[in-house]
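Asker: Residue strings, one per chain:
Number of protein chains: 4
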Amino acid sequence: MNIGIIGSQGRMGQELQAWFEAEGHVVSYRKDVEEEILKEVPQCLVDFSKASAIESSIDLAKKFSCPLVIGTTALDKDHWDLIYKAAHSLPVFYSANYSMGIYLFHKMLRSIKDQLSGWSAGMVEIHHQQKKDKPSGTALALKDSIEVPIDVQALRLKGVPGEHTVILTQAGETLRIEHRALSRVVFAQGALQCALWVVGQPPGLYSMDDMMK
Amino acid sequence: MNIGIIGSQGRMGQELQAWFEAEGHVVSYRKDVEEEILKEVPQCLVDFSKASAIESSIDLAKKFSCPLVIGTTALDKDHWDLIYKAAHSLPVFYSANYSMGIYLFHKMLRSIKDQLSGWSAGMVEIHHQQKKDKPSGTALALKDSIEVPIDVQALRLKGVPGEHTVILTQAGETLRIEHRALSRVVFAQGALQCALWVVGQPPGLYSMDDMMK
Amino acid sequence: MNIGIIGSQGRMGQELQAWFEAEGHVVSYRKDVEEEILKEVPQCLVDFSKASAIESSIDLAKKFSCPLVIGTTALDKDHWDLIYKAAHSLPVFYSANYSMGIYLFHKMLRSIKDQLSGWSAGMVEIHHQQKKDKPSGTALALKDSIEVPIDVQALRLKGVPGEHTVILTQAGETLRIEHRALSRVVFAQGALQCALWVVGQPPGLYSMDDMMK
Amino acid sequence: MNIGIIGSQGRMGQELQAWFEAEGHVVSYRKDVEEEILKEVPQCLVDFSKASAIESSIDLAKKFSCPLVIGTTALDKDHWDLIYKAAHSLPVFYSANYSMGIYLFHKMLRSIKDQLSGWSAGMVEIHHQQKKDKPSGTALALKDSIEVPIDVQALRLKGVPGEHTVILTQAGETLRIEHRALSRVVFAQGALQCALWVVGQPPGLYSMDDMMK
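These protein sequences, in sequence, are chains A, B, C and D. Position 209 of the first sequence, counted from 1, bears residue number 208 in numbering that gives the first Met the number 0, the numbering being contiguous throughout. Position 90 of the second sequence, counted from 1, bears residue number 89 in numbering that gives the first Met the number 0, the numbering being contiguous throughout. Position 201 of the third sequence, counted from 1, bears residue number 200 in numbering that gives the first Met the number 0, the numbering being contiguous throughout. Position 177 of the fourth sequence, counted from 1, bears residue number 176 in numbering that gives the first Met the number 0, the numbering being contiguous throughout.
For reference, chain A alone in the conformation it holds in the complex (with noise of 0.2 angstroms):
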C-alpha cells in the first residue's frame, strides 16, 4: 500500500517509515515542517505530527481522497470539532495510543468501571526525557476509562519509551495494572494495522474499538 507519513521527521515519522517498508509497504508521501515529498498519492495518511497540524492533515487527506490515521495528542475542542467534521466525508482514525497492550488496558479498565466504590486511585506514567506532553495523552485517556478520582504522577527518564501503571488499593490489598512499551516499534505496528483496516471503510470517527470487534 501507498502510505502518507505527517511529521516524517519526527521520532514517531521515522519509526513509521521504517516499519512500514519493512513490512512491504512503500511511503509515497512525507511531509513536515521542513520537507514535503510527493512521489505517488498515498492510499492512506498517518498523521504522528501536532495537534496544531490537524487542520492541514486534513486538507490534504481531503486532496488525496484518503483515510486519515491520527495519532497526535493534546487536542483541544477546536481540533476536535475538526475531525467531527471531517468524519462525515473521511474514514478517520484516532487513537491517544497504538499500541494493543494499551487497548487491552483500557478494555480492562472499563470492564471494572462500576465497581470501585471503595477503592482508590493511582496512576505512574514514565516517558523519556524528550517527551512533550506531561502527563502523557495516554494517560490521560486511560484516566477517562476509569471513571474514578485518579491522582496521575509523571517521571522523565532515559530511555523509556512508555510505561502507564494504575494501582488500584483498598483496606489490605492492592490491584495493579502495568503497560511497558519496550521501543516506538509497537506503536508503528498498531498504527500501520489500523491504517490497513480503516482503508475502504466508508466515512466516519473510528477507534481501536471499532477495529477490535
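The hints are simulated quantities; they were obtained by calculation from the structure and are not laboratory data. Certain hints may be false.
Chain D is nowhere near these chain C residues, computed Cβ spacing over 10 angstroms in every case [said to hold, decoys possible]:
hint : residue
1    : N1
2    : E20
3    : E39
4    : E54
5    : T72
6    : P134
7    : D143
8    : P148
Label-pair restraints from in silico Cβ distances [claimed, not checked]:
hint : chain 1 : residue 1 : chain 2 : residue 2 : range
9    : C       : A17       : B       : E35       : 25 to 33 angstroms
10   : B       : A73       : D       : E35       : 51 to 59 angstroms
11   : B       : D75       : D       : A170      : 27 to 35 angstroms
In silico SDA-like links for lysine to any residue, alpha-carbon gap of 25 angstroms or less [as the list claims (entries may be wrong)]:
hint : chain 1 : residue 1 : chain 2 : residue 2
12   : A       : K157      : C       : R175
13   : C       : K212      : D       : S144
14   : C       : K61       : C       : Q200
Positions of the beta carbon are idealized from the N, C-alpha and C atoms, including for glycine.
We have chain A; now place chains B, C and D onto it with these hints.
Answerer: Then chains B, C and D, alone, in the frame of chain A:
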C-alpha cells in the same frame, strides 16, 4: 448475625472469627477436627476448612437450614457434584478467593480474553510457606478466566499473604495485572460481605459475579 | 524490659504498644498530648510522635536516665542540634524508617551510588491518606543515599502502609528497587529490635548501620 | 577498532555487528558454523556463541594475539579450566551478562548478602521463547551473589529480551530488585565497552568489577 465457622482452628478460621466479631457479629458455632461448639443456631455457615469436609459441611447447612459460604479450593468433580446437588435446596456461595481485588482481576481478564491472539501469557503466584496447595486455587481460577495457554509458576516465601501476577507479552510490549493481599483480613472482609448477601437468597449456587451485579 | 512510648495515642504508638506487649515487654510509661501515665521508670523511651516533641522527649530521657529511640521525621536543623547535643550524655538511636527492608534498601543504593553516571533516577512513594508529610521522610532519606538527581513523586492511596520504589534507567534498560510494608507491625518490630540493642550502649548517636554491624 | 565476532550469525552476533558498526568500529572477522570471513586481523574477539566453542575461540585469540571477550553461559568445569589457562597468556573478559544494570544488580545483592538472616528469597526470570538455557545464566550468576537459598522460576514469553526479579521477604515486608532489558542492544553496548577496555590490559581474567573500579 449468628455465623458458624467450619475450620475454626485454621489460619483463616481464626481470621474469620476475629473479623466477624470486630464487625459486631456473633460466632455462634465453631467446628474443626478437634472441636464442635454450638452456642446458637447460625444463620449462615462459612467453610474455609478443606475439600474433604464438603460433604459434612453441606449436611450441617441442611441441619441448620442456613446458607453455606465455601472458600475451600482443590475441589474435585465429586465435591462439585455434591455442591451442585446441595444448591437445589440451599443457597450456596462459592469463590476460590474472597478478596474484591481478585474479583476485579477476573473481570478484567474476562474482558480481554477474546483478544489475546498473538499474545503469550504467564503467571507468578507467591504465598507464605505454610500454604498447602501449589499452585494456589486462585491461580487456577484466574487461569480459567483467560482461555489462553498460561504457564503458572509458584514461589513460597515468608510472610506473603498472597500475590498473583499475570504477565501478557507480545513483540515490543508487556502488560501485567498484579494483585497483592496485604493481610488475610481482606479475605475475611469479603467472606463476611458474601455471607450477609447470601442470607435471604433463594436456593442456588452463587458467585462473586452474582453478588456484584 | 520496661519501655516508654512517646506519642502513645497515635497510629504508630498503638502499634508499638501492641507489639512490645506481644513480645513480653511492659509499656511502663505512656505520653501523648492528652495523657501521661507512669507505672514504672522505663529502661528505654521510644518516640514516634512529631518533630516538635523532640526537646521534651530528650528531657524525659535525661530524667529517666535511659536511651531514646527516635522515629519522627521532618526534623529541621534545630531539632538535629538538640539530638547531637543529647547524644553526648545519652544513647540516642535515630532512623527515618525502622523496617529492616528499608535498611537493606539504603545499603543497596549506597553500594552503587558512585556508578550511576549515565543513568537517570526517579522515585515513587505511596502511603495511606492519613500520612502527614509528603514526600515521606523515608523517601527523602533514600534520596540522600543515592547522590544522583532524583525526581520523587508521591501518591496517597487508601490502606497502603508504605511503598517506596526507586527507578534507575539508561538507554535500553531499567533497574528498580521496590519496598512494600505489608503492615505497620514491621516498624514496631524494628523499633523494638533497636530499643533492645541501644540499651547498654554508651552515649552517642546510633543508626541502623551501627546496630547491623 | 577492528573487532572479530564469534557466533556472527546468531541473534546476539547480529546485534553486536550492528552496534559495533553504528559506533564506528569495523567487524573485520566473522565466524560461525557456516561462515568464516577474515578481512583484517581483529584487535579483539567477542564470543557470544556457545559453551562448546570456547576451546576454538581461545585458539583464535591466541592466533590473532588479541584479547577475548566471552559472553556465553552454561559453561562447565572443563570450559572454565580452559579459560583460566588461557588467561595466563591473554587478556580474557568474562561476564554472564553485559548490561550495566545487571552489573549494578550484582553489586546491590552483594552489599546485603550478609544481612539476610530471617529473610527468604525467590527469583523470577522471563525471556523470549527462543532462549536455549533455563534458568538463564544471568539468573544463576545472580543466585551466586546472594548466598541465601533462592528458588528460581523461569517463564518463556514472546518478545521479552530479558527480565530478572529477585524477591526478598520477611514477616510484614517485601523487597524486590527488578531488571528489564528493553532490547538486546544493551548487551552489545556493554560488550563493546568491555572490549574497548580490555584491549591494552595485561594477560588475566577480567570481570565487570575490574572494569568498573
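Asker: Flag every earlier hint the structure violates by its number, smallest first.
Answerer: none
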